[in-house]
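**Student:** This is what each chain is made of:
There are 2 protein chains.
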Amino acid sequence: MSDYQVISSSDLSHFTISVFKAIGCSSADAALAADVLIRADLRGIDSHGVARLEGYVRLFENGRINTKPNITVSREKKAIFTMDGDAGLGLVVAPRAMETAVEKTHMFGAGYGSVRNSNHFGIAAYHAMMAIEHGYIGLAMTNASPLVAPTFSRERMLGTNPICYAIPAGKQAPFILDMATSAAANGKLEIAERKQIPVPEGWLESKDGLATTNPRDLKDGGYLLPLGSDKDHGSHKGYGLGALVDILSGVLSGASFGPWVPPFVAFLPVLQGMPGKGLGHFLGCMDIDGFIDRKDFLDRMDQWIERFREAQPQSPGQRVIIHGEPEAIMQAQRAQEGIPLIDKVRAGLITLAEKYKLEHPFNH
Amino acid sequence: MSDYQVISSSDLSHFTISVFKAIGCSSADAALAADVLIRADLRGIDSHGVARLEGYVRLFENGRINTKPNITVSREKKAIFTMDGDAGLGLVVAPRAMETAVEKTHMFGAGYGSVRNSNHFGIAAYHAMMAIEHGYIGLAMTNASPLVAPTFSRERMLGTNPICYAIPAGKQAPFILDMATSAAANGKLEIAERKQIPVPEGWLESKDGLATTNPRDLKDGGYLLPLGSDKDHGSHKGYGLGALVDILSGVLSGASFGPWVPPFVAFLPVLQGMPGKGLGHFLGCMDIDGFIDRKDFLDRMDQWIERFREAQPQSPGQRVIIHGEPEAIMQAQRAQEGIPLIDKVRAGLITLAEKYKLEHPFNH
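Read top to bottom, the protein sequences are chains U and A.
Numbering-wise (my numbering), the first sequence opens with residue 1 and increments by one.
Numbering-wise (my numbering), the second sequence opens with residue 1001 and increments by one.
Here chain U stands alone, though its shape is the one from the complex (with noise of 0.2 Å):
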């Protein structure tokens, strides 16, 4: 394991928010964007917290991000909508598409809609939780960086694209299913590389079609399996759900969809003949209160999860885990006892502090 340092949430905030403002972001963009951020931190999603920082200020550089986005509601009817997200940061497109999907919602029941023209927006279940806030079920998709290769394929034909529902309970903690439509996430593999460790058989292959378990493989031209990892164990399935969020999101969005998503990873190359504007999400909530009487729904969440927890261990000392619910605890965790940075993610922080002339708390 690398060395840490500990700081706090609002250190770290502090700081994110004074990087997206360097970039040209408003003081509220930077503040929700730094927001998603540090909840992925604070959730324990290491990968998709301050360690893509960079990342966004990379994208920024190559001229495909727009600071000073107007974001608009291009089409609507009554429930739906799509939002054109202006080539700004996902991190604050997602949020703005997820306000407009709840205030639907008010009006109607349910709001759902595509969004076109964003960027990477973090982790799926900041947007998804939004909902809850308002007691509602959120959903949160979003296409991205063509890493997986369909069943029967060998080429790079879809983000690990992901999912996210997020579900009230009443005592117990939400449900939040957030999860990778891909055998691993990205991020997995990232720390494998790291930490120079071989991963299981099944999350990747090489560039020549064939079964590795070197992480490292991935950026020699190789490419992600989809959840199921073959197709005797229903890869065909994870392909699926991977193709269902690329269609949601891109191709009824009007954003860019398949193997022509702008990549966020910096080893693949922007691609021609792009069919749409960016990359795309689809959002959506619902009033739990026009399905069911809403405290009998949390008292039955409730019942659900408890009797979850309490089925039978496959072995001595496991049990079932609820989704959402280690995240939960990690969350209470390090918003009381600060967020752990490795070196290379605080070297990476220190970098764009000194090119962008920023105050930092970080140790060299």
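Think of the hints as simulated: they come from the structure by calculation, not from any bench.
Cβ coordinates follow ideal geometry from the N, Cα and C atoms, glycine included.
Hints are not guaranteed to be accurate.
Sample of chain U residues at the chain A side, in silico, Cβ under 10 Å [said to hold, decoys possible]:
(1) F81
(2) L158
(3) A173
(4) M179
(5) K237
(6) V320
(7) A347
(8) G348
Below, in silico cross-link-like pairs of lysine-lysine (DSS-like), each with a Cα-Cα straight-line distance of 30 Å or less [unchecked claim]:
(9) U:K277 / U:K207
(10) U:K231 / A:K1344
(11) U:K295 / A:K1078
(12) A:K1231 / U:K207
(13) U:K207 / U:K188
On the provided structure of chain U, position chain A as indicated by the hints.
**Tutor:** Quick look at chain A alone, frame taken from chain U:
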């Protein structure tokens, strides 16, 4: 392979309608229920077609199906609603709910319905595809007989809980993703058991929590594994998707959920202390034209499909399969040439014919 008899879909439909009428369904309900089953056979989903007719009749004989249901919308708020199926056939209740979702979509751009007090609804694709007839996007999910153990458990807590999305295209066949959230659908195990062949590791485990390739172990107290098969390969995602379906179909509607879902398969008992009525579905519909010009969308879907079909093959001779394409080809073929029924299925249908004194088109 068994011997088989080829029956025209109209002869098979005629007989199936007569069975549903014999157990008390109205002519309209019998025709609808038969249409759902025959569509499965036409599309090549043999496990979910008339092969299950005996199962539905068994539920009726056990007093679990009301063949004269009073199906009602019990709660609603603009675009969203809950339907009570009054213990009717899921084959009838789900299309009724989908009709309501379509009407909501005419009015509000989207329609989402949660359904309780229903029964097994056949193939999810039938219901989701009802939206396509209106040029809409359709969604269908259902909870089901508890057969799947969550990650880190050996207890059957979830059904194979399918998710289906139906999305229209232009010149191309529609995109129809219809997938169980387990590594393998129960139908595949039934087929392997009938043929007495082993299944891949990663589909199920024995009642002692051990890896097995014997499909028979499921009935002997074993359990299916979620999509992903093991933790290293993302089984927590398959479990999460199955949980999501259970929550939207069961917890949200007021149906039973988790291990209490009243089973369709005869080898599971009906549990006491059910937290709701019958099993549950979740159905939805969205108007493409509220997001994007409809013609533009259909062209973009064709482009998406054509690009994916051309993706570089993993091995020579392979090609990427678009979801829904094989079933569309099969449906065109079987509509013309008839539906092959294997001995075991035909024998079951003859038993029904004799029990209810019905004319039938089957060879002994």
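**Student:** Tell me, which hint numbers fail for this structure?
**Tutor:** 3, 7 and 8
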